[in-house]
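Top to bottom, those sequences are chains U and V.
Each residue of the first sequence is one higher than the one before, counting from 1 in the numbering used here.
Each residue of the second sequence is one higher than the one before, counting from 313 in the numbering used here.
These are calculated hints, taken from the structure and not from any lab test.
On a predicted model such as this, the values are computed, not experimentally measured, just so you know.
Careful: at least some of the hints might be erroneous.
If you only want the chain V side, here are some residues facing chain U, beta carbon under 10 Å, derived [unchecked claim]:
# : residue
1 : Leu442
2 : Val491
3 : Ala512
4 : Glu517
Note that CB positions come from ideal geometry on N, CA and C, so glycine has one too.
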Amino acid sequence: LKHTLRAVVSVPASARFAARRVRMLRERAIELLLFGAAFVSVLTTVGIVYILVKESVVFFQHVPLADFFTDRQWTPLFDDAHFGIVVLLSGTLTSSAVALGVAIPLGTIIAIYLSEFAPFRLREAVKPVLEMLGGVPTIVYGYFALLFLTPLLQRFIPGLPGFNLLSAGIVMGIMIIPYVSSISEDAMRAVPMALREGSYAMGATRLQTALKVVVPAAFSGIASAYILGISRAVGETMILAVAAGMQPNLTFNPLEPAATITAFIVQVALGDLPHGSVGYQTIFAAGLTLMVLTLACNLAGHYLRKRFREAY
Amino acid sequence: LIRRQRYDVLFVAVGIAALAIGILTFLTLFVDMAVRGLPRLDLDFFTSFPSRRAANAGILSAWVGSTLVMVVTAIFAVPLGVASGVYLEEYAPKNWATDLIEINITNLAGVPSIVYGLLALGLFVYQFGLGQSILTAGLTLALLILPVVIVATREAIRSIPQTIREGSYAVGATRWQTVRHHILPYSSPGILTGVIIGMARAIGETAPIITIGALTFIAFLPPAPLKAEPPFVSFEWLWSPFTVMPIQMFNWTSRPEAAFQANAAAAGFVLVFMTLTMNALAIWLRYRLRRSIKW
Numbered sequence: 001l002k003h004t005l006r007a008v009v010s011v012p013a014s015a016r017f018a019a020r021r022v023r024m025l026r027e028r029a030i031e032l033l034l035f036g037a038a039f040v041s042v043l044t045t046v047g048i049v050y051i052l053v054k055e056s057v058v059f060f061q062h063v064p065l066a067d068f069f070t071d072r073q074w075t076p077l078f079d080d081a082h083f084g085i086v087v088l089l090s091g092t093l094t095s096s097a098v099a100l101g102v103a104i105p106l107g108t109i110i111a112i113y114l115s116e117f118a119p120f121r122l123r124e125a126v127k128p129v130l131e132m133l134g135g136v137p138t139i140v141y142g143y144f145a146l147l148f149l150t151p152l153l154q155r156f157i158p159g160l161p162g163f164n165l166l167s168a169g170i171v172m173g174i175m176i177i178p179y180v181s182s183i184s185e186d187a188m189r190a191v192p193m194a195l196r197e198g199s200y201a202m203g204a205t206r207l208q209t210a211l212k213v214v215v216p217a218a219f220s221g222i223a224s225a226y227i228l229g230i231s232r233a234v235g236e237t238m239i240l241a242v243a244a245g246m247q248p249n250l251t252f253n254p255l256e257p258a259a260t261i262t263a264f265i266v267q268v269a270l271g272d273l274p275h276g277s278v279g280y281q282t283i284f285a286a287g288l289t290l291m292v293l294t295l296a297c298n299l300a301g302h303y304l305r306k307r308f309r310e311a312y
Numbered sequence: 313l314i315r316r317q318r319y320d321v322l323f324v325a326v327g328i329a330a331l332a333i334g335i336l337t338f339l340t341l342f343v344d345m346a347v348r349g350l351p352r353l354d355l356d357f358f359t360s361f362p363s364r365r366a367a368n369a370g371i372l373s374a375w376v377g378s379t380l381v382m383v384v385t386a387i388f389a390v391p392l393g394v395a396s397g398v399y400l401e402e403y404a405p406k407n408w409a410t411d412l413i414e415i416n417i418t419n420l421a422g423v424p425s426i427v428y429g430l431l432a433l434g435l436f437v438y439q440f441g442l443g444q445s446i447l448t449a450g451l452t453l454a455l456l457i458l459p460v461v462i463v464a465t466r467e468a469i470r471s472i473p474q475t476i477r478e479g480s481y482a483v484g485a486t487r488w489q490t491v492r493h494h495i496l497p498y499s500s501p502g503i504l505t506g507v508i509i510g511m512a513r514a515i516g517e518t519a520p521i522i523t524i525g526a527l528t529f530i531a532f533l534p535p536a537p538l539k540a541e542p543p544f545v546s547f548e549w550l551w552s553p554f555t556v557m558p559i560q561m562f563n564w565t566s567r568p569e570a571a572f573q574a575n576a577a578a579a580g581f582v583l584v585f586m587t588l589t590m591n592a593l594a595i596w597l598r599y600r601l602r603r604s605i606k607w
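Next up, chain V with everything else stripped away, as it sits in the complex (with noise of 0.2 Å):
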């Protein structure tokens, strides 16, 4: 009996050691990237185009792209993605078309995503004519992370108690005027999580936007949203060519010199610290709505 109850020691020792090469190789990846990437991690590197010269090379074009395919991602993403789930969760009657739908979003969230750029690429570059644009980039990626906002508010839909809306229908309210008044802002938190973790991985995607035909070589910023003469709003950004992050590093990693390396490592560790903070946020977020739940 000690000698089986030494497997079990046994077992604890090795369940933590595969527990620590996981976040060993995290840490490492980290520390690496920081290690190379810092030294290059200066003002001039966020306000600097892209250059031949690694040392004057920055990534200006790229976050400023990758910040305004976000905003598309998110127009389109979150309002479709809680429409969905509000309609999963309080409207859908039992029928085939439900269960389509359902089987469906679960079969998107197993599509790689490589699949989403050819998607892309021939309805929304060629079909569509929208062109390699951020317009195209932005509806990509919102399709990408539609079945993860679509399960996050389906989730936090489901944890709101009935008697909630019994409450609701009792004094008369229409279905609409409970989603509006009491389902929506109960969910809220939880929506929000999802979104960001959506968010989260959509930033850190390469290869749809690489499929589309993004350039790795941008010299130019889009053209500016605002502008002093009236209408004062312009959506010619939404036609432009751009570059993301990701685009980016992919770009200076597959060059042989060291020194683009470095700037692969920075444009890296600014990628990786910007997911973690989206990520972390989602977690303390969780983490915050399972102390305060009232019910």
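Isolated chain U (complex conformation) (with noise of 0.2 Å):
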């Protein structure tokens, strides 16, 4: 021992710090990249609202507020332009509606029932397929609703265009169940086994569980899936640019073909509009609301989330 310690000694004191300390510079070093690269999140997120909100800036000095949200009438690209907002978010509610409605009660069915009645090996052979459901390509459910879906309804509904919001939203609403039942599931889980025994001690059978107790307690997390599907829904562009057509049209009838945020965008980006026309504004200008209104849904998702997490 003595002589290694000599030995340890004899390599003078100030190298032995200095290797110590290129060590700790380089372990500096490393940290500081890590960071960079964790916060070019951050970036991102600067850059979508400087970018949105600088092109709108100039967009409203063409466009009066007033006229942005009261105007009956969008037609950005014609001579005598309108820039009437609600015409596109009419046809962004109603497909949502329509999303939603199905969406909501087949996507909570399936949590319930894959969360309280189904065997465990059913469980894990569906959601590998449920979750393959909500992977595949939005273009290939546009197709499906332009080319299949529409054909089908027009057999039951004459009369029916060949675009309209009602086949974007069923098939929206089909492409948005894995997103509400996988999350309700979660909150159905989360919920203590505690509850359940004490409900069935009481003498009730499964379904008056489910319905009565492992809902109400799991309600928090239910209702932010259904938050964060309309929020998906709103900001869901391909099936509504395939399959709901692009005219702007204010109406709130799915058997209508009309144009939502998502696909005006999608419509003037296909176009050749200069840089810095009030044309290409009017899509940033698009885009900000869009952006408002899915930051609100997901806020309010993620804040009823963290709630129910807390709960138990």
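Build the complex from these two chains, which are given one at a time in their own frames, with help from the hints.
This is the structure:
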């Protein structure tokens, strides 16, 4: 031991400190590098907000805010230009309503079934399949809505136009089912077993337990699943651009064709608009509207989700 | 009581029916596309450029474009995503900056993809002057899937028990040595799963790429990345105009002629096949991971 000690001491202290300093410097540099990588996500958000606001500000110098919200026409590319976002909002809201009309009941039933009734093996087998349903590219869903579902619906609803919000909305709903069901199922699985056992002990059946004990207990989680589903539906683009037509149309009737905010952005992007024109700026104003809508939904959803996580 | 129990059975039936609707839709979609598209799927379809005559049209420029864009996406998204995940799990102090980053990532995951397209149009295309190129598209999709990669990395790292880290520190390793030799190798299957899922999503994304202004009719290939004369590699392709599979499909879907719709079905079939294979691979990896866990 004496020998090794002497060997260590015989290395000058300054050299040992230098080696350690290099090591610490390297550690520090790596930490900074990793922090930089993590900070990219913040920069992305800053970039999104900056671009949307910057172009929208120019847009609102041409178009008064009051017109933007109250005008009942949306004809930004005509000579007689009108910029009433209500027109696009009506398309977005109608298609989202149809989608949620499909996704909420089906998604909730699937979640209750998988969480409370299904045998373990079935659940393990079905969940990946549902995940795949959410993984199919949306353009494929758009194709399906336009060329399969619409002709099918036309047999039952005569006079249904080739482009309509109904079939786009239904397909969109099916696309959203996995999001709704997986978040709701997680929420229901988080409900402690003791609550269910208490209910069974009182003589309740499985369905009674599921509907009257588990669902209320997991309610904020289920609600957050719905809200995140809404945000998905509002932001969905390709299904609507393909199957709902791109005609701006102030309507709440799902049987009509109509453009949504997202479909309008695609339509403009497909054309050749010069950089800096008012038409070019409208898509950023439309994008800002979209961003505000989805952000509000997401924040509400995450808030609710956090609350249910802390409940037990 | 018997009647109530009958409701139980009834609900099970309803539940299975609801599941069946979801799964049947998926099967219908797949079979419908296969029936319409398979006659068009032959070698020529993969080696032809799009054409005004539906029967001669193919997806050569589309799949080459998709592949190149995916390469750029992976080059940016994987290191950035993994580094962010490592930082947040292993390094981040508990302070406002960390909170800011975390809230940001959750929010970014919920931003509609078309908004990323607008970001790319304003920032990459015009402000940075990258043009409507493969580089722009790759960067856009990289930002889009970054949250997926980060979340997967964090989950994989979180499942590594604390004792591994303590063991490493005990023998005098620094933080980075611990990460480099223990954390990263042990979490790599989980990270890989996340990367595959992210890439499967990126390959099917249409909206952001349309927004940056990708063309729908491209009858040439980007310059080859390898050359015969020195310096052998060229990065010209990064600046080349391009098209990708989903855009090609969108273009064919929006034409009225049935012949083009058959092309769309064929392209869609290829696309779904690719995303499904990638997803299945990810699910299988996750399954194996769950079984072979050592701790």
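Status of the hint placing leucine 442/V at chain U (closest C-beta pair under 10 Å): violated (14 Å)
Hinted contact valine 491/V with chain U - closest CB pair below 10 Å: This interface hint holds because 8 Å falls under the 10 Å limit.
Hinted contact glutamate 517/V with chain U - closest CB pair below 10 Å: holds (7 Å)
Hint status (Cβ of alanine 512/V to nearest Cβ of chain U, threshold 10 Å): holds (6 Å)
Comparing the model with each earlier hint shows a violation of hint 1 alone; every other hint is respected.
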